[in-house]
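**Student:** Okay, here's what each chain looks like letter by letter:
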Amino acid sequence: MAVLDGPVLYTTRFRLMGGDAVVRFVDRGGRDRAARIARAVEAEAWRIEAKFSRYRPESVLSRINAAAGRGPVPADPETCALVRTALELSEFTGGRFDPTVGVLGRLWDFRAGRMPDPAAVAALLPRVDAGAVRVGDGQVELAWAGMELDLGGVGKEYAVDRVAELLQAAGVASAIVNFAGDVRTLGRRSDRRPWSVGIQDPRDPARCRFALRIRSGAGVATSGDYERAFIRDGIRYHHLLDATTGWPARGLASATVLAATALTAGRLATAAFLLGPERGLELLRSCPGVEGLLITESGRSLPTPGLARFLVEEAFSGGPDPASRPAGPRPPAPPGP
Amino acid sequence: MAATEPRSFQLLGRRRIHGLSWLMAGLGAFSARPAQAQSRADLLNLFYQESGGRTQVLESLIQVHEDLGDAIGVADLTLTHDTISGASPTGAYPHLQVVTSASGTSSSGAFPLARDNNHRNAAAFAFGRKLGAHLPTVDVSYSKEDDYVAREFGVADAWTLAAGRGTLHYGLSWGDDVSEPITNHLHLPKHSHSYALGWTWILGGDDLMDLSATRTRLDGYLDEPYKVVQVGAGTAPDHRPDQRTRDALLFKYGHYFYWDAALKTSYRFYKDDWAVRAHTLDLVYDQRLGDGWVVSPEVRLYTQTAASFYGDQFQAAQAYMSSDYRLSAFTGLLGGLGVSWEVQDGLILRLGASIEQDRGRNRVIPLAQGSSPGPGARYDGPSSSSADLVKTSVTVGLSWRF
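Here the protein sequences come in this chain order: U and R. Heads up: the first sequence is residues 1 to 337, going by my numbering. Heads up: the second sequence is residues 1 to 402, going by my numbering.
A portion of the hints provided could be inaccurate.
Stated by the list, open to error - Derived, one-sided and incomplete: chain U residues facing chain R with beta-carbon distance under 8 Å:
(1) Gly-6
(2) Val-8
(3) Leu-9
(4) Tyr-10
(5) Thr-12
(6) Arg-31
(7) Asn-178
(8) Gly-187
(9) Asp-191
(10) Gly-198
(11) Gln-200
(12) Ala-206
(13) Arg-207
(14) Cys-208
(15) Pro-303
(16) Thr-304
Since the hints were derived computationally from the structure, they do not count as laboratory data. Since we're looking at a predicted model, the values are computed, not measured. Just so you know, even glycine gets a beta-carbon here, dropped at the ideal spot from N, CA and C.
Whole structure, please, built from the sequences with the hints as guidance.
**Tutor:** What follows is the structure in structure tokens.
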């Protein structure tokens, strides 16, 4: 049968950073090789999670945070590079993104719908200060006690790109890596069709409003106000905090960016979301090789001019009432057309 | 498709008539089929089984072909009864069956199955009458399952040309099906229109070829009502476009060897607007052994691509979604052996068996939910696909020619 197999699309799925990770790759090397690649992919993704998770006391990041205000902590080049990337994003957004905004996040309880006391936000805001993060000479230092560095804004996208590079190094030319919505593609599908990346409807996240058709390697990321959010008195409160105010950024419901890598797409999606509709769209337009789609809080779509080449409207039709069609026994039909 | 007898057939030498007749009979849908120039009755029983406790089918079929003479025509009646049991994949993502052992915790991926019991009764009738160089036919069929009714009507013609060496065959058919899922008793119609055009050509005395094309247009309810897809952490119903255009091109070639054998080769290319592309190559070799025995080994290769909306799981709902393995990419290899024995003049016993291995090309390498670095449950087995199947079939039949 091996001679007949042709390219096979393998899927592996696992939990990563509190979300669902799905990696699909096309390979012709047989099932054992595919399983080895899948294991290597998972191991690399988990390595990055273990290293940069702020929820794991043994992580590099936890050690840096534990030493806040007490001097520099030795850090390897990978850690230093990722921290620099987060700081660049902070500069890029005029401080709206800040990798130390995590201290404010602790005041919110999005599951319970609990808002922080404005006085508490104001009191903690001075501890949000990217300028107090120092990187260099193989070490990272948080200048003030009580500060917390969070690489969540870049870590997942970095993991996506690392896994894509690992797949490429293993000889895989066609793949799609999706870590909870942060996506990187390699090549195109084995049947020559483009990869399809759905863009969730920010007001009905169970459905896709648009899809991107990607015919070569690219990164896609979305920042949205619909995850870890609640509505109070008609106002949506979400986890994407503007570090200059300490409160959720306003104007956009989601920002999706298509770029060369997931890290670039993720940084620009975050930046565009925090900057709002006008400045966000202006930013995306000014970046060569970048396309994006912003959806405003009122539901208006703001695409960059070149996005039309990739965009397909997903006009969800739904079909008959799903509730009336539960799973059950099925008369068989022979396979094949 | 209708049948006719080439007028020049009687001009051919005895051995050649024998060889062509054999080729025509074996190549199936050829319109020039002298084998139908006599009456016959066939009784056939088929047992079909899929591996892993999946579908089993027991089929009984009676077919009567009556040649009522040129003044009246030829008639075919086919009655079929199927008993279907077993299970088929629901479309949901593989279960992870966790096993703990001294060396740690491992798991295996098993695709969720839904039990499946059904009966199907079908009847088909066809009538044709020779009108000069034409053999027009009409056919009707009706089939009923517990939750599905199919009706079809067709007209066709076979037009003998080129002094009997060629036959142009063409036809139209209309189908009108209704699905009534037992879970909701909705009345869900599906309509089909098919067009067929083909050319059969006799190449000397030992070779025969046929090239035909069909287009089928389906409209209506094309979902699988009992299948689901995994969307995020939950499931949603399988949902497909309500139109499908299916095109197939079929090439058949038969060659008769002087040592009383024939090789029948067919290649079929299929494509539809759901982005499924399929190739089928089939080789059957018939060898007559004397005393009325014929053995017929067969090899068939099949491969198809996945439908554009196929996925083993979806992050979010899309317009169309299906995890039906029949719409996935897979490859199949079939090996079979048929034996027929003419017990006495006109009475033939037929036995056949085949085994087919299908291998999915959309494969899942699952990992236990909740796994994380450290001593979590891991999936250590090979990748799996709901299209991975071994299908076996056994047929026992009796033909009586009179």
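**Student:** Have a go at the Gly-187/U hint: is there a Cβ in chain R nearer than 8 Å to its own Cβ?
**Tutor:** violated (16 Å)
**Student:** Mind checking the CB of Asn-178/U against every CB in chain R and telling me if the closest is under 8 Å?
**Tutor:** holds (7 Å)
**Student:** Can the hint on Asp-191/U be confirmed by a CB-to-CB distance to chain R that is less than 8 Å?
**Tutor:** holds (5 Å)
**Student:** Can the hint on Arg-207/U be confirmed by a CB-to-CB distance to chain R that is less than 8 Å?
**Tutor:** holds (5 Å)
**Student:** Return the status of the interface hint for Gly-198/U: holds when the least beta-carbon distance to chain R is below 8 Å, violated otherwise.
**Tutor:** Status holds, d = 5 Å.
**Student:** Taking the closest Cβ pair, is Tyr-10/U under 8 Å from chain R?
**Tutor:** holds (5 Å)
**Student:** Classify the hint on Thr-12/U as holds or violated, based on whether any CB of chain R lies nearer than 8 Å to its CB.
**Tutor:** At 4 Å from the nearest chain R Cβ, Thr-12/U passes the 8 Å test, so the hint holds.
**Student:** How about Pro-303/U: closest beta carbon in chain R under 8 Å, or not?
**Tutor:** violated (19 Å)
**Student:** With 8 Å as the cut and Cβ atoms as the points, is Leu-9/U at the interface with chain R?
**Tutor:** holds (5 Å)
**Student:** Can we keep the Ala-206/U interface hint, with Cβ of chain R closer than 8 Å?
**Tutor:** holds (6 Å)
**Student:** Mind checking the CB of Gln-200/U against every CB in chain R and telling me if the closest is under 8 Å?
**Tutor:** holds (5 Å)
**Student:** Verify the interface restraint on Arg-31/U: the C-beta must sit less than 8 Å from at least one C-beta of chain R.
**Tutor:** With a closest approach of 5 Å, the Arg-31/U hint holds.
Hint compliance for this structure: hints 8, 15, 16 are broken, all remaining hints hold.
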